[in-house]
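A.B. asks: When you line the sequence shown up against full-length UniProt numbering, it's residues 1 to 327, in that order.
Treat the hints as calculated values from the structure; they're not laboratory data. Careful: at least some of the hints might be erroneous.
[What the hints assert, rightly or not] Dumping the calculated PhoX-like pairs for lysine-lysine here, alpha-carbon to alpha-carbon at most 25 Å:
1) Lys254 - Lys152
2) Lys250 - Lys308
3) Lys236 - Lys264
4) Lys254 - Lys286
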Amino acid sequence: MCRSSSQKVIDSENSDTGISDHHVSHSQLPCNSDELFQGKERRKYGKIHAVPSILDEFFGVYCLLSRSSNRYFKNRCYIGYTVDPNRRIRQHNAGKEFGGAKKTDHRGPWYTLALDMVCIIHGFPNSVSALRFEWAWQNPEKSRRLRPLNLKKKTNETAFGFRLRIACHMLNSDPWRRLSLTFRWLLPELQIPFPLDVPIPSHIAMQHGAVTKTSTLIPQLQEEYDVIGTCSLCLKPINSISELLRCSAKEICKSHFHMRCLSKYALNTDDEYKILLFPIQGQCPKCGMTYLWGELVRDQRILLAINKFNASGALFNMIPRGKLIKM
Numbered sequence: 001m002c003r004s005s006s007q008k009v010i011d012s013e014n015s016d017t018g019i020s021d022h023h024v025s026h027s028q029l030p031c032n033s034d035e036l037f038q039g040k041e042r043r044k045y046g047k048i049h050a051v052p053s054i055l056d057e058f059f060g061v062y063c064l065l066s067r068s069s070n071r072y073f074k075n076r077c078y079i080g081y082t083v084d085p086n087r088r089i090r091q092h093n094a095g096k097e098f099g100g101a102k103k104t105d106h107r108g109p110w111y112t113l114a115l116d117m118v119c120i121i122h123g124f125p126n127s128v129s130a131l132r133f134e135w136a137w138q139n140p141e142k143s144r145r146l147r148p149l150n151l152k153k154k155t156n157e158t159a160f161g162f163r164l165r166i167a168c169h170m171l172n173s174d175p176w177r178r179l180s181l182t183f184r185w186l187l188p189e190l191q192i193p194f195p196l197d198v199p200i201p202s203h204i205a206m207q208h209g210a211v212t213k214t215s216t217l218i219p220q221l222q223e224e225y226d227v228i229g230t231c232s233l234c235l236k237p238i239n240s241i242s243e244l245l246r247c248s249a250k251e252i253c254k255s256h257f258h259m260r261c262l263s264k265y266a267l268n269t270d271d272e273y274k275i276l277l278f279p280i281q282g283q284c285p286k287c288g289m290t291y292l293w294g295e296l297v298r299d300q301r302i303l304l305a306i307n308k309f310n311a312s313g314a315l316f317n318m319i320p321r322g323k324l325i326k327m
């Protein structure tokens, strides 16, 4: 999504309140129509063969910190959305003529990865979810979720410390607290403690260092694929990949589930089925392996993209066996 079109989403007064993420099943959200397929080279018997792969989705919201020598701009923060943090920071430092934001034009360098971003929150299920998070982080006083908290910058609080505190409140608020997100310190040397009164939820992954974009190899041989199995809970056929979730222990368990069946099973365990559509996490009914719901959905979206790639062949509506190979 280009910046100009995404801005229409975040500038809307109700952009974080139109459809809450916990009111929409992730399986109903379409796969990115611009899914990128790329070729990796594999050398075999002295020849080079192209191995097709899918660029894994990445939706992140970052915080930049200005290192400008201008006192007016120094230590100011900028919140933004990106699908490629490394490219985005280069755009910010190059200026708006090269894709940077107007607010950061000629005010850099902006601090992340060796040059610019301090932190990024990623793992959103789609761009809409990430853009709503971005808008609320930029405008806590307007967000329906954050406005009642009346968040104000404290006297002895830095601009970045205030933005971090806002992010912590967001990660503890619906709909974001139910997502399988990652908080990444891109510059660990600039890491500061999280507020003691607003701890990060335990299921949020903490990582350090630069983001490395990954690709998933698309298996090419028919023996590397299986037909979709029946649901291990209701024992009825699973008619399409859009209904399918696989156990995260793919090499050991190999269980398949209807998304609705697995969600109901996990929510019934916590007595939440009547008020929620999907859990934060759960345990496989067959092998007991603990999973994060968002990780299962990400696996499903990769399967959908692979199926799209195989749409014209004999592998259509079949799924790869075992764990997918990343590059």
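A.B. asks: All the hints need checking, so say for each whether the structure fits it.
C.D. replies: Evaluated hints:
no.	hint	verdict
1	Lys254 - Lys152	violated (50 Å)
2	Lys250 - Lys308	holds (21 Å)
3	Lys236 - Lys264	holds (15 Å)
4	Lys254 - Lys286	holds (9 Å)
Checked against the numbered hints listed earlier, the structure breaks hint 1 alone; every other hint is satisfied.
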